[in-house]
Structure formats: structure tokens, C-alpha cells
Amino acid sequence: MPEVRVNGGAYEVDAPVGRSLADWLREDVGLTGTKIACNEGHCGACTVQVDGVPVLSCITLVHRVDGEVTTIEGLREHPMVDAFVRADALQCGFCTPGQIVSATALVAGNPTPTPEEVRHAMAGNLCRCGTYPKIEEAIASWQG
Amino acid sequence: MARLIKTEKEVEGRYTEQWVVVDEDALEQWPAGARDTVGRPAPRQDGFQRARGEAQYTADIQLPGMLHAAILRSPFARAQIREIDLRMAEKAPGVRGVLGPGTGPLTDEPAYQGAPVAAVAADTDEQARAAMRLIEVEWEQLDPLLDPDEAVRRNELVEEPNHDERGDIERGLAEADVVVAAEYRTQSVLHNSMETHQSICQWEGDDHLTVYISTQFVWGVRERVAKHFGLPTDHVRVVCRFMGGGFGSKNGPGDYTFVGAELARRTGRPVKAALTRREENLDAGNRNATIQRLRIGARSDGTLTLLDGEFVNSTGWDGWLASTGGPMRMLYACENVRTVEYAAKLNTPPMLAFRAPGFVEGTFGLECLMDELAAELDLDPLELRRRNYAQHDAMDERPFSSKNLLECYRRAEPHWERREAVRRSSDGTWKRGVGLASQVWYGGGGPPSYAWVRVGADARATVVTAMQDIGTGSATAMAQIAAEELGLPIDHVEVSLGDTARGPYATISAGSSTIPSMGPAVRSAAADAARQIIEIAAQRHDREQRSLSLKGGRIVCSDGGSWPLEEITCLLESGQILGQGSRGPNPAGMRILTFGVQVAEVAVDVETGEVRVDKIAAIHDVGRVINPLGASSQVEGGIIQGLGHTLSEERLIDPATGTILTQTLDAYKLPTIADVPEIVTDLVDEPDTHLTNLGSKGLGEPPIVPTAAAIANAIRDATGANVRSLPISREEMLRALREASEREQVGASAT
Numbered sequence: 049m050p051e052v053r054v055n056g057g058a059y060e061v062d063a064p065v066g067r068s069l070a071d072w073l074r075e076d077v078g079l080t081g082t083k084i085a086c087n088e089g090h091c092g093a094c095t096v097q098v099d100g101v102p103v104l105s106c107i108t109l110v111h112r113v114d115g116e117v118t119t120i121e122g123l124r125e126h127p128m129v130d131a132f133v134r135a136d137a138l139q140c141g142f143c144t145p146g147q148i149v150s151a152t153a154l155v156a157g158n159p160t161p162t163p164e165e166v167r168h169a170m171a172g173n174l175c176r177c178g179t180y181p182k183i184e185e186a187i188a189s190w191q192g
Numbered sequence: 098m099a100r101l102i103k104t105e106k107e108v109e110g111r112y113t114e115q116w117v118v119v120d121e122d123a124l125e126q127w128p129a130g131a132r133d134t135v136g137r138p139a140p141r142q143d144g145f146q147r148a149r150g151e152a153q154y155t156a157d158i159q160l161p162g163m164l165h166a167a168i169l170r171s172p173f174a175r176a177q178i179r180e181i182d183l184r185m186a187e188k189a190p191g192v193r194g195v196l197g198p199g200t201g202p203l204t205d206e207p208a209y210q211g212a213p214v215a216a217v218a219a220d221t222d223e224q225a226r227a228a229m230r231l232i233e234v235e236w237e238q239l240d241p242l243l244d245p246d247e248a249v250r251r252n253e254l255v256e257e258p259n260h261d262e263r264g265d266i267e268r269g270l271a272e273a274d275v276v277v278a279a280e281y282r283t284q285s286v287l288h289n290s291m292e293t294h295q296s297i298c299q300w301e302g303d304d305h306l307t308v309y310i311s312t313q314f315v316w317g318v319r320e321r322v323a324k325h326f327g328l329p330t331d332h333v334r335v336v337c338r339f340m341g342g343g344f345g346s347k348n349g350p351g352d353y354t355f356v357g358a359e360l361a362r363r364t365g366r367p368v369k370a371a372l373t374r375r376e377e378n379l380d381a382g383n384r385n386a387t388i389q390r391l392r393i394g395a396r397s398d399g400t401l402t403l404l405d406g407e408f409v410n411s412t413g414w415d416g417w418l419a420s421t422g423g424p425m426r427m428l429y430a431c432e433n434v435r436t437v438e439y440a441a442k443l444n445t446p447p448m449l450a451f452r453a454p455g456f457v458e459g460t461f462g463l464e465c466l467m468d469e470l471a472a473e474l475d476l477d478p479l480e481l482r483r484r485n486y487a488q489h490d491a492m493d494e495r496p497f498s499s500k501n502l503l504e505c506y507r508r509a510e511p512h513w514e515r516r517e518a519v520r521r522s523s524d525g526t527w528k529r530g531v532g533l534a535s536q537v538w539y540g541g542g543g544p545p546s547y548a549w550v551r552v553g554a555d556a557r558a559t560v561v562t563a564m565q566d567i568g569t570g571s572a573t574a575m576a577q578i579a580a581e582e583l584g585l586p587i588d589h590v591e592v593s594l595g596d597t598a599r600g601p602y603a604t605i606s607a608g609s610s611t612i613p614s615m616g617p618a619v620r621s622a623a624a625d626a627a628r629q630i631i632e633i634a635a636q637r638h639d640r641e642q643r644s645l646s647l648k649g650g651r652i653v654c655s656d657g658g659s660w661p662l663e664e665i666t667c668l669l670e671s672g673q674i675l676g677q678g679s680r681g682p683n684p685a686g687m688r689i690l691t692f693g694v695q696v697a698e699v700a701v702d703v704e705t706g707e708v709r710v711d712k713i714a715a716i717h718d719v720g721r722v723i724n725p726l727g728a729s730s731q732v733e734g735g736i737i738q739g740l741g742h743t744l745s746e747e748r749l750i751d752p753a754t755g756t757i758l759t760q761t762l763d764a765y766k767l768p769t770i771a772d773v774p775e776i777v778t779d780l781v782d783e784p785d786t787h788l789t790n791l792g793s794k795g796l797g798e799p800p801i802v803p804t805a806a807a808i809a810n811a812i813r814d815a816t817g818a819n820v821r822s823l824p825i826s827r828e829e830m831l832r833a834l835r836e837a838s839e840r841e842q843v844g845a846s847a848t
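Line by line, the protein sequences are chains A and B. According to this note's numbering, the first sequence is numbered sequentially starting from 49. According to this note's numbering, the second sequence is numbered sequentially starting from 98.
Keep in mind the hints are simulated off the structure, nothing from the lab.
Going by beta-carbon spacing under 10 Å, a handful of chain B positions derived as facing chain A: (1) G150; (2) Q159; (3) H288; (4) G342; (5) I567; (6) A764; (7) E775.
The beta-carbon is built from N, C-alpha and C at its ideal position, and this holds for glycine as well.
Start from the sequences, fold in the hints, and give me the full structure.
Next comes the structure, spelled out in C-alpha cells:
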């Protein structure tokens, strides 16, 4: 049976062809930190990293994953989480795990992004509560 | 002490006199200004749970044996089912139950696209949706009614028109030196909460039901579900610990909950009914479109003599008449005012409340009209507003409980005075300008709402109340209020909420009412607990009760002595101190409103019609501010939703068939992080001395109210063009620019 590595552990994929990575993570592995808000790749709530690159897990087939998956559960100790809470960069919080997964991917390659780089990298993560100014603040101050 | 009083209850500006049981509010307000905890920025207490993906939303709940429901919805705006065959669906893999038209909200005469007609419950979501597609329906398509003016002509209305008049319109016309008439239109916008509408229903036996639901009002869901199934209300438990946004669309149980509960009853299994994003954009409510035909008259000095408006709301197949005329009736001192509001019944999905329903739409019309008048009179728009400042409520001659709109205007001046410099920074085809708009809305809350405060031997406190935190941070504000009253550090106070079986009745999280309704109840419960602690401490340390107070986690005596709180509470061992509190009455005979003003700076490319908002300064008067950090987030969030409403969001309907063209988030354009301007938040933070033991009003809705008009007025300042229709698409911008240049040419040839 094929395996997918998630947050440092290996999990067997016992799922029908066509199962999305998001459904597999949430229902089969039990990692519900990854949210599904549109389920068709338009909103960014389901963002996870595959080998450090942000990927929309709701439109990624679990059988096609080739690389190490990192979800919000694997980023819980990342200073970005603290930065989001300090800056009040979340309201309802439903999009927040996806925002943090995208933000950590950004700063991994570019620890001090310019405001323009932040806006470019984060434009695929929708937030209906409108926490965007605070998200910019959080990413600008993530190193404390 | 509880007492029965005859009082006025206000709903959307309409007063009814009724008997209510209220507790007197015995506490004096705290003095104005920041205190140890209240009035100081506090990061939200559940922030880590949400940010780390640990918070369990309804979407994340998996119950053993849980089935998934899929609802078959009408693909047509108006149709009749000639025949429906459920047999294939019943035999499909994993299917445990199927419902057809006639059960609960399921209908064989759908009157809008998305109306529910049948439902399936199966072991998995995929199986349920696959089975749903096997339901065979023979449809008869009928002609939909889509034109709101035509609906008004035919008297097809969701409710009776609201005709409101004061003074004499003819006299107002006669006294006017200038009259401006204009028609404004606003579009239908969709809430699009990130967590779609969903619930899980689980029966215990045939007379107890638990509903886990993403809702703004656990008690309202309890009431309606109990009534629907004929159950005693205490046999229905409603749970909402975390929810992913509502904005007014999640005030009730929704059809999906009735369908899910019926499937759960028939199958004996818990059933989750979750809307897809596409269903969310069909049948989860909307802000209704409006047509506003307005007239304003004034003397040459700017004194208003006349305000007159006809408002046609495209309410949809169901819903209610939102007060689009409210701002016209309430914002300015004007003797002659007439508003007529219609709720057109159309074959489109029902509207639901959406963040300041009616007032967002009506403020766009009124505040644009004010600026068109200012241009006619050659008066400064801010000065025009000052000259028509309402000193008291003109609708029924009531005093305001508090009003600091003049202070808001004063604080707006530095932003307003940038006009010359901003205009001068126009560059080539990019024209720049500044505009402003005022805000009026409710936000006073009211009884009933209750809270308990529990203090244990470890000197930590828990606020227990069955309210919900829909993402506004209200739980953190409650912790701040209790911490302040108990003299505890905020991290020694927790809030337990979101479960009708685990706390007393609490307000709906709508109408900007959570803080003004719940906050005073929490303070009163904390004060009850504090009183008991002081009674015990007075006996233990042989002091007079009145010499003792609670501060910094200690019991402090006026003689200089002080003891850690824990020295007293540890005597409790397993015992607990229990405080209870409730929301007192609103001040009688007064009008409780929120006010504000926003100043927008925009840039318009007059060649392409592109509009860019550079900055919005928001100054609002909502009484005492509990948490300045959370408050600024509410202001930013409201403005950003307003920005979408102004520039990019629009539910598009095919005019031939009445079907919805914007069902996905690539078609329906929400603002992204790249669209956000600089936002400056300034809250007056002056307690309303007549309102409760806190003097706080709500802030959820006020910030979205004036944004569209401020932007449209800035566009006029930049270009001279009158945009009168939302969203301000490039087409609308170019139309307004063309119209302005034609007006200029006519003016030039006349002189």
C-alpha cells in the first residue's frame, strides 16, 4: 500500500482513487486543522505544504502526492502562530491554518519579505472576516 | 432583585411596549478610560486553539455512525415537479434514508433556484451526493418573476410596504432653494462565510435531540427546532463551540437542519448536513439588491427642508423588509421626511440579515445624495452635515442616550483637510480625491441575557454563559470584564460558552448586541462573586467589608494590608463561589444608537475606469471600548467587507432564467489581501452614561455602514462623476465619467 509522509510520520493510503489530499488528511488521518471552505481550489483554506511548497490540498489527489506533507499540525510550534495571535490576525479562525501554512512557506525562503512580497504570496488565501491588515502585521513581526 | 416592568422593546427601530422580567442593574459604571484590563488591548484567548488548527468547528465533528446528507435543489428559478422517482437513490450504495417533497421544507413547487426538493443520507458524503444525482425528476419550468418594480406593481410583496412620514413634503419642497433627485442602485451580495452552513443532528430516543451547528444563536436554533418537532425546548440541546463566520446568515437553523434532523430521526443515526460552497451561494441568504429613488431639498445655507425616498428591496422569495430608509429617517435633523419601503417578492433566493441590513444600502444612497447636494450648493460636505446635525431623535422626539458624532467629525478633520494635497497628487490619467460619509445604526443590545461566574479554590474564575463567539472576540471581552471586576489577571479567567445545556440564556450574536447585552450581565455576575469573596475575607481577617477590594489577584484593605486572593479561596477546598448576573433594562424613553464617519482617499484611472482605494480613516462612537485590539479588527473587517461590496462583489442573475451565475469564489469576487488600503481606526471611547453598568455599545456592524458612500464621494471629489450604482465596476465608473463630461459640455455651451 502506498504511503504518504505527513509532519514527519508515514501513513498508509487506503483510499479510493480520486480521494483528495484534504479529505484524506481530515477524515482518514484525523488531522482536521486543515480546513475545507470551497473544495474547488479558489480560497486557500486547505493550504498545506508539500516539500515546503504551498499546495491546495482540496484539489490535490492523495495518490499523486510525491513529497513530505506539512500541515498546520506540523507547524504548531512555529513562531508564526504566536505572531498571528499577538497581532490579532484571526477572527473566526476558519481560514487561519491555511494562512499560517502559506505564511510559513513564504518566510522559509524569505525571512523578511517586503509588503509587496507578502501581498503577492498571500493573495490566494481568502479571509471573509477581513483580517488582512493584521496578517500583514503578523508576517512583518513573526521573528518577534 | 427580579421585577416585572412594562418596557419598550426595540427591534429595527420599531418600539413595542411589553412586560418583561428584568433584574435591576445596581452597579455604577466605571469611570471613563482604560482600567487594569478593560480598555487595554488583549489578544483573543482562544487564538492559539484557532491558529493551531485545534479548535473543533462543526465541520470538524465526527460522531460514531454519523451519516452525511445531500440535498437535491431546484435547478430552476420557478418550477413544478410533475413526477419524482426516488427508487434509484434508495437502492444506491451506502444510502440509509431518502426524503422527498412534502417532508419538512422539501417542496415540489420550488420558487427559486436552490430551493430544497429532496434529500439523501448515506454512509459517506460522496455516496450521498452520488445517490442524490440518481433521483429522477420531471420538471415543468414556469416563468419566474425577477423584476422588483414589476413585483411592486403587481403587489407581489413579502410583507406590507412601510410608509413613514413626518412633517409635510410639499412644504419642504416649497421651502427648498435647491432640490436634487437621483436614483441609486445596490446589488445583491453574498455572505460567503468560510465555514459553510452546516449542522449535525443526533437523537437520543425519540424525544431528545442534540444539534451541533455553526450558528450565531444557539437559543434561537433550540426554540425553532423544538417547535418544528413538537419537543419541549429543554429536550433540544444546541452546541456551537467554534464557528467559521456568519455575518447575519447564521441566525436560524436553516432548512438543512430540519432535513438533517428528520433523516437522523428516521435512520436512528447522527446526520451531518453541510452545504457545499455552491449551495452556500444559492440558498444561504444574501444582502438584497435595492433601487432607491431619492429627493433632497435644502435652503441655500444648506438647511435640509426635505428628504424623500422610495426604496424597492429585491427581497426574494422570502425574508423581511430591511430598513433601507432607516438612515434617511434617522441621520439628520429635517422636519419633512417621507420614506416608502417595499419588499419585492421574487423568484430569487431569500435574503437574510447581512451586517447592518438595510442601512449599508440606504447609507450609500443618502450619503451620496448629500454630497450631490453639497456640490449643487457649493458647500463643504462636512459642513453640510454639521449644519444638519440631529440634536435629538427626530422620529419620535427622543433624546439620545449618548451621541458623539460631532466629536467624530472633529477627529475626521485632519483626514478631511488632506483634500487639496490629495487632489494635487493626481497624476496623468490617475485622478485622486477624498470623500466622507456618516454612519448611524443601532447597537444598544437589551435584556434578557444571563451569566454565571464560578471561582474555585485556586482563585481562578470561569464565566459560564451560553452565548457564542462567532469570531468577533466577544469571549475575550467577557473575560476582560470579569477579570476587571474580580481584580484578577486576565489569564486567570476563562469563558465557557456555546452550549445551551451548559449555561444560561444569552443574546444572539447579531445586531451588534453581544457586548452591550452580555457584557453588563457578566460584570454583574462577577460583582456578585466578588461581593461573596469580600464577605469571607472580612470575616477571616476581621475587617469591615467596605474597607476591602479586589485588585491584582489580591484582597486589598484600605488600611494598607493585603493578602493573596488564594489565601481566602483555598479555604473553599472543593467548594465554589458562584456569582450570577443578568442584563438590566435599557434606559426608558431614549434612543440608543451608534454613530461614526469615514473618510476615504481614492485614485481613479479616468481612461480605464479602474478605482483604487488608498486609505480609509474610520472614526466611530460606540461607547466604552472593552478591547481596543479586537475593536480595531472589527473596524478593519467591516471596512474590507464594505470594500468588496463597493468595488467587486455582485451576485449575478441570468435575467432570462433567474439562475445564479456566481456560485463559486472565482466568479464571486471577495477582496484579497492585495486589495486592502491603509485603514486608520479611531474610536471615541466615551461611555454612554445612560446605558447599563458598562456604557458600551456594539461595534460589529457600524464600520461597514458608511464605506461605500465614502468611496463614491471620494470618486466624485476626484473626477466630478456621480457613481450611483454598486458595485462600482469599470463599466459603472466609465458610465459616470461619460455622464459627467456630457454634463460639463452642456454646462459649457449654456454659458
